[in-house]
Amino acid sequence: MPIRVFNTLSGQKEELVPLEAGKLGIYVCGPTVYSFVHIGNARTFTSFDVVVRYLRYRGYQVKYVRNFTDVDDKIINAARESGEDPIALAARYVEEFRRDASALHLLEPDVSPKVSEHIPEILRLIRRLEERGVAYRSDGDVYFAVGKYSPYAKLSKRNLEDMKAGARVEVGEQKREPLDFALWKAAKPGEPAWEGPWGKGRPGWHIECSAMSARYLGESFDIHGGGLDLIFPHHENELAQSEAASGKPFAKVWMHCGFLDLEGAKMSKSLGNVVRLRDALSRVDAEALRYFFLSTHYRNPLSFGDKSLSDAEARMEYFYETLRKIDARLKGKEPGPGPVHGEPQKFLSDFEAAMDDDFNAAGALAAVSGIFAAANELIDRPPVKDKAVVERTLSVLREQVRRISRVLGLLEDAPEAWLARRKERLVKERGIDRGRVEALVKARDDARRAKDFATADRLRAELKELQVEIMDTPSGTVWWPAREISDSVPVTDGLSARIS
RNA sequence: GGCGCCAUAGCCAAGUGGUAAGGCAAGGGUCUGCAAAACCCUCACUCCCCGGUUCGAAUCCGGGUGGCGCCUCCA
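Per the working numbering, the first sequence starts with residue 8, numbered consecutively.
Hint data in this document are derived by calculation from the structure and do not stem from the laboratory. Watch out, some of these pointers could steer you wrong.
[To be verified] For lysine to aspartate or glutamate, the following EDC-like pairs were computed, each having C-alpha atoms within a straight-line distance of at most 16 Å:
| no. | residue 1 | residue 2 |
| --- | --- | --- |
| 1 | Lys430 | Glu445 |
| 2 | Lys314 | Asp387 |
| 3 | Lys273 | Asp236 |
| 4 | Lys458 | Asp479 |
| 5 | Lys332 | Asp387 |
| 6 | Lys332 | Glu384 |
| 7 | Lys207 | Asp148 |
| 8 | Lys70 | Glu22 |
| 9 | Lys449 | Glu476 |
| 10 | Lys332 | Glu423 |
| 11 | Lys449 | Glu436 |
| 12 | Lys394 | Asp479 |
[Unchecked claim] Simulated DEER-style distance windows between Cβ atoms:
| no. | residue 1 | residue 2 | range |
| --- | --- | --- | --- |
| 13 | Arg139 | Gly66 | 50 to 56 Å |
| 14 | Asn166 | Arg428 | 52 to 58 Å |
| 15 | Arg437 | Ala457 | 28 to 34 Å |
| 16 | Lys20 | Ser482 | 28 to 34 Å |
| 17 | Ser310 | Asp459 | 48 to 54 Å |
| 18 | Arg11 | Glu270 | 46 to 52 Å |
| 19 | Gly343 | Glu431 | 23 to 29 Å |
| 20 | Arg11 | Arg428 | 36 to 42 Å |
| 21 | Gly18 | Arg139 | 26 to 32 Å |
Every residue gets a Cβ at the ideal spot worked out from N, C-alpha and C, and that includes glycine.
Please build the complete structure, drawing on both the sequences and the hints.
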């Protein structure tokens, strides 16, 4: 089965055909490092993380590039406010981003280029555009002449005449036409600047992605990704300058991730409702957050809210609890070849079929559900008597979970460890007194053993008051913080990051 | 105003020409001293509305209504 992917450029799903057999180059617009990333950024990066993981799973040799934009107006502004050096500020947020990315279990890209380290490539590219007559100098700035590149707007499919009417020219810009955009900006006092043929200055917004993608993936490459809002102007301009310079097709497939909103409200700095990734991760498990992101198709809008998050976490708990039961049952044994119950392999092929269809992770999760329901049935209500068959089937299911885990970046932890960590966090968050709970649990056990069920039930009620639920299992009574209470993720009225 | 997206059960959400995945919630059951967890069963003759194409449409086309995004910094 071929992989089909929705290409913004063609407006439809296409079969993914690599430029070079077996290999794929993918460039994803990374963060502009002037602040912490927010959960919207995190959704986009998680979506592409899974795209890369799945392409590798399907056997492609993937080269994954995600840049850091560390030279930019926003960084300069943020540095001015804090009195810090812009380069130092950017470097600091690169490190913060790396911490966040790692906490979210995002794969490290093969290359994470920074603008500040690719000035020579950028200068060469701008000079080439000048040579080709599609760029012009104006008072120390250099602009791309949109009118000289006829396919302009083929990605965003906009009407040039209408755009000209609405286009805004910033004060101080020296454009010939309103739609032209800066390739190089003349240095202003106090700004980071590099020596260029046009005098001291710095790169414009879009040129860095053209220069760095060409450097690491070539002038033509397979997939370019980013958030929906980057289609215009960022990707449109990247596309225009890249193709104008090289005369070759730029990215073959353009993938764009849908927006995440805050229960209907757009998340934006001006509304003061930005949720930082690290704040979200302080309240919700990283894998649960990934699960939440993956529960809606990457191109559709997704609404961030406490209910969805606690659902996601409850689901992860169900998965891990089941894995714990499977592992306890198998105890590391390899049942060896032989008959299995039903068609346990079917889940993996369902998973692949969903992922093949434009990385439909939400659809793929249905197959994952099937695996867990089947495993629980085998353990709790075995439909076959032969224990060897049960265990062999469980072993097959467990192996499928391992494979799927690597693709989705979920369920990669040891079940016991994950469950213990979650319990500990809930205990802390709810201020549960472990000692007191354990004493009550023991008292109830004693009462139960004495068949004093009235007392046992009273103690259960008392525990419930403490937000503790108990379960009697063959290996004794276990207790858990009550699940139904959800805790809100803090919303920050502060700077969020831009991705470009 | 221009461009584009979305509208599927109480809620979340797949499905884009062949007769509605999955999750949550709810009801019933098995299990349990009682529970919990787990499992089983039930839960959209129907996919915003109106036309059209088709043997056949939630899926395609036209129109309408509602919501959203981009067009200015934005994942």
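| task | Mind listing which of the numbered hints don't hold for this structure, in increasing order? | result | Failing hints, ascending: 2, 8, 11, 12, 13, 16, 18, 19.
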